[in-house]
Amino acid sequence: MIMKPTNEMTVSFLSCSANESFGRAAVAAFAAQLDPTIDELSDIKTAVSEAVTNCIVHAYRDTIGVIYITCKLYENGQISIRIRDKGCGIEDVEKAMQPLFTTSDSEERAGLGFAVMESFMDTLRVTSKPGKGTSVTMHKTIKRRQAEKNT
Amino acid sequence: MIMKPTNEMTVSFLSCSANESFGRAAVAAFAAQLDPTIDELSDIKTAVSEAVTNCIVHAYRDTIGVIYITCKLYENGQISIRIRDKGCGIEDVEKAMQPLFTTSDSEERAGLGFAVMESFMDTLRVTSKPGKGTSVTMHKTIKRRQAEKNT
Amino acid sequence: MSVRLLLKDGEMTAILSGEIDHHSAREIRGEVDEAASKVKPKRLTLDFSGVQFMDSSGIGLVMGRCKLMQMWGGSVRIANLNPKIEKIVSLAGLNQLCTIVKDVNDHEAYE
Amino acid sequence: MSVRLLLKDGEMTAILSGEIDHHSAREIRGEVDEAASKVKPKRLTLDFSGVQFMDSSGIGLVMGRCKLMQMWGGSVRIANLNPKIEKIVSLAGLNQLCTIVKDVNDHEAYE
Ligand SMILES: Nc1ncnc2c1ncn2[C@@H]1O[C@H](COP(=O)(O)OP(=O)(O)O)[C@@H](O)[C@H]1O
Ligand SMILES: Nc1ncnc2c1ncn2[C@@H]1O[C@H](COP(=O)(O)OP(=O)(O)O)[C@@H](O)[C@H]1O
Chain A
38 MIMKPTNEMT VSFLSCSANE SFGRAAVAAF AAQLDPTIDE LSDIKTAVSE
88 AVTNCIVHAY RDTIGVIYIT CKLYENGQIS IRIRDKGCGI EDVEKAMQPL
138 FTTSDSEERA GLGFAVMESF MDTLRVTSKP GKGTSVTMHK TIKRRQAEKN
188 T
Chain B
38 MIMKPTNEMT VSFLSCSANE SFGRAAVAAF AAQLDPTIDE LSDIKTAVSE
88 AVTNCIVHAY RDTIGVIYIT CKLYENGQIS IRIRDKGCGI EDVEKAMQPL
138 FTTSDSEERA GLGFAVMESF MDTLRVTSKP GKGTSVTMHK TIKRRQAEKN
188 T
Chain C
138 MSVRLLLKDG EMTAILSGEI DHHSAREIRG EVDEAASKVK PKRLTLDFSG
188 VQFMDSSGIG LVMGRCKLMQ MWGGSVRIAN LNPKIEKIVS LAGLNQLCTI
238 VKDVNDHEAY E
Chain D
138 MSVRLLLKDG EMTAILSGEI DHHSAREIRG EVDEAASKVK PKRLTLDFSG
188 VQFMDSSGIG LVMGRCKLMQ MWGGSVRIAN LNPKIEKIVS LAGLNQLCTI
238 VKDVNDHEAY E
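Residue numbers (the numbering used here), protein chains in the order written: chain A, 38 to 188; chain B, 38 to 188; chain C, 138 to 248; chain D, 138 to 248.
Be a bit skeptical, because a hint or two may be false.
Claimed, not checked - For lysine to aspartate or glutamate, the following EDC-like pairs were computed, each having C-alpha atoms within a straight-line distance of at most 16 Å:
(1) Lys224/D to Asp76/A
(2) Lys204/D to Glu144/A
(3) Lys204/C to Glu155/B
(4) Lys221/D to Glu155/A
(5) Lys224/D to Glu77/A
(6) Lys204/D to Glu145/A
(7) Lys224/C to Glu77/B
(8) Lys221/C to Glu77/B
(9) Lys221/D to Glu145/A
(10) Lys204/C to Glu144/B
(11) Lys221/C to Glu144/B
(12) Lys221/D to Asp76/A
(13) Lys221/C to Asp76/B
(14) Lys204/C to Asp142/B
(15) Lys224/C to Asp76/B
(16) Lys224/D to Glu155/A
(17) Lys224/C to Glu155/B
As the list claims (entries may be wrong) - Simulated coverage check for chain D against chain A, where a stretch passes if three residues somewhere in it have a Cβ under 8 Å from a Cβ of chain A:
(18) 143 to 153
(19) 157 to 165
(20) 171 to 182
(21) 198 to 205
Claimed, not checked - Distance ranges between label pairs, derived from CB positions:
(22) Asn219/D to Asp142/B: 43 to 53 Å
(23) Lys224/C to Arg163/D: 35 to 45 Å
(24) Arg163/D to Lys180/B: 24 to 34 Å
(25) Arg98/B to Asp170/D: 50 to 60 Å
(26) Thr74/B to Arg98/A: 34 to 44 Å
(27) Ser139/C to Thr74/B: 21 to 31 Å
No wet-lab data here; the hints were simulated from the structure. We put the beta carbon where it would ideally sit given N, CA and C, even for glycine.
Isolated chain A, as found in the complex:
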């Protein structure tokens, strides 16, 4: 399914924990153009918050790096969100994505970041190169309110 996005934005910011709320707010402000419900917007914010936090806690652990987010909106009401870091990367992505799996013990992580992203978004794809960084791509289709009313 190759579609041209109708709108597109990129935001990048430092991996300090104060920016967790900024990252999800920026994506939410952009996603607002699709006229999502409060519920849908909350799902998107939660998923973005997980991915951004992973960059801060895992990818750039004990250092400050840059987090990149690209959002695209499509005519059919779909939003795609890609969150990228140039941090430590993940050796075994499949294992990392298992619920309750975490490599962090100092911070109180629950090992649920990927599980939440998966459950709150329609699709989730994770690619990673150890030593190079990680990229998380998520999609969600916002229901058309008008269409909803008509059916």
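Got chain A; can you put chains B, C and D with the ligands on it based on the hints?
Frame of chain A, contents of chains B, C and D with the ligands only:
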């Protein structure tokens, strides 16, 4: 005055008018870290809205280009905002900045964009190269609420 | 952004709410002008009480309505400006072009 | 984010409000643990009624408090979860670790 920013973000997006509200919302979400008053935040949103609109209406008139915003926060409560386009540029910046001057007659422009930026922010600097693009840099220092209380 | 139009004794009131920028000003302009061109009211009041945000595009909007109303000898009033909007309005010197009313809160009060 | 702590009959209640993410969870942890370590309550209730946003960092926060309370034989209750928080809580299977209470709205009701 050379200071190192304590936090920094960059956002870029297409020059469609639907993104005017996104541009100011993204900057406001970032500026929120300085704990501004509602008044100060409103000033920042207004100034950003003017600069972003200028990129859409003037710089990329009849085309779609990319608008770049960089925000930096400083320890003393200062925010610097740079809004850049690669559009048509401005022949005579001094003239363009005069209140009520506008080159637009089809759109209902008041010629007050620069005047509003100047009046709502502490500083405003505009540089432009005809055919290359324009860069608008603004600063504002957010008052420390604690300090305010103490004096 | 939304516009609610009231008509009474040949006077039109447009109650604006939401955010006014270049994007939304176009829509407002469309709705107001369509109705005003049919009715040709002797006075148009733009009520800003529900407007949370406005940049200089709002000034262009008022100026444009002033021009339109002049075409049939009508006038424009703007009402219920918050301090931020007032600041932009005074930068523009809009008091030269139209009447500024402070406290029209009650729509019964639009005589 | 803010935490309000109540103490009654050896039971502690932390009323949380605002957004819970990794950033704010640290602050909450600090405030709750400082008070709890002094008092060593037999039960800690985390009240989420004022929480508008929470990601999985909130789960880590609850798990961590469960561990802490176990150290002196105490227990943890979580209360007033909105549907989104409930979804994350059930992904985590938190009902295995602590008691989930639905309708503690009135603080008199924290027996
Ligand atoms: N961006 C990332 N960079 C490096 N490692 C990551 C990244 N995201 C996740 N991981 C790894 O995957 C594991 C599981 O992630 P997640 O499900 O979000 O749980 P948690 O963040 O609570 O540990 C993490 O503990 C970490 O080892
Ligand atoms: N980013 C830009 N690119 C090209 N020209 C610009 C840009 N910003 C402003 N200008 C020029 O400066 C003039 C004055 O701008 P401004 O004070 O914002 O008023 P207005 O936008 O209402 O015309 C514009 O009419 C335009 O000719």
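Query raised in the report: Has the region 171 to 182 of chain D got at least three residues whose CB is nearer than 8 Å to a CB belonging to chain A?
Result: With 0 residues in contact (Cβ-Cβ under 8 Å with chain A), the coverage given for the region 171 to 182 of chain D is violated.
Query raised in the report: At a Cβ distance under 8 Å, does chain A reach at least three residues of the region 198 to 205 of chain D?
Result: holds (count 3)
**Report entry** Claimed coverage, the region 157 to 165 of chain D by chain A - three or more beta carbons nearer than 8 Å
**Finding:** Holds, because 5 residues of the region 157 to 165 of chain D bring their Cβ atoms closer than 8 Å to Cβ atoms of chain A.
Report task. Confirm or reject the claim that Arg163/D and Lys180/B have a C-beta distance inside 24 to 34 Å. Result -> holds, 27 Å
Query raised in the report: Lys224/C and Asp76/B: Cα distance at most 16 Å?
Result: holds, 12 Å
Requested in this report: Assess, step by step, whether the Cα of Lys204/C is no farther than 16 Å from the Cα of Asp142/B, and give holds or violated.
Outcome: holds, 13 Å
Query raised in the report: Given the hinted pair Lys221/D and Asp76/A, is their alpha-carbon gap at most 16 Å?
Result: holds, 8 Å
Query raised in the report: Are Lys224/D and Glu77/A close enough, with their CA atoms no more than 16 Å apart?
Result: holds, 14 Å
Requested in this report: May I ask you to test the hint 34 to 44 Å on the CB atoms belonging to Thr74/B and Arg98/A?
Outcome: 36 Å Cβ-Cβ, so the 34 to 44 Å window holds.
Report task. With a cut-off of 16 Å on the C-alpha distance, tell me whether Lys204/D and Glu144/A pass. Result -> holds, 14 Å
Report task. Would you check the hint for Lys224/C and Glu77/B, treating anything up to 16 Å between C-alpha atoms as holding? Result -> Cα-Cα ~14 Å, so holds.
Query raised in the report: If you draw a straight line from the CA of Lys221/D to the CA of Glu155/A, is it 16 Å or shorter?
Result: holds, 14 Å
Hint compliance for this structure: hints 3, 9, 11, 18 and 20 are broken, all remaining hints hold.
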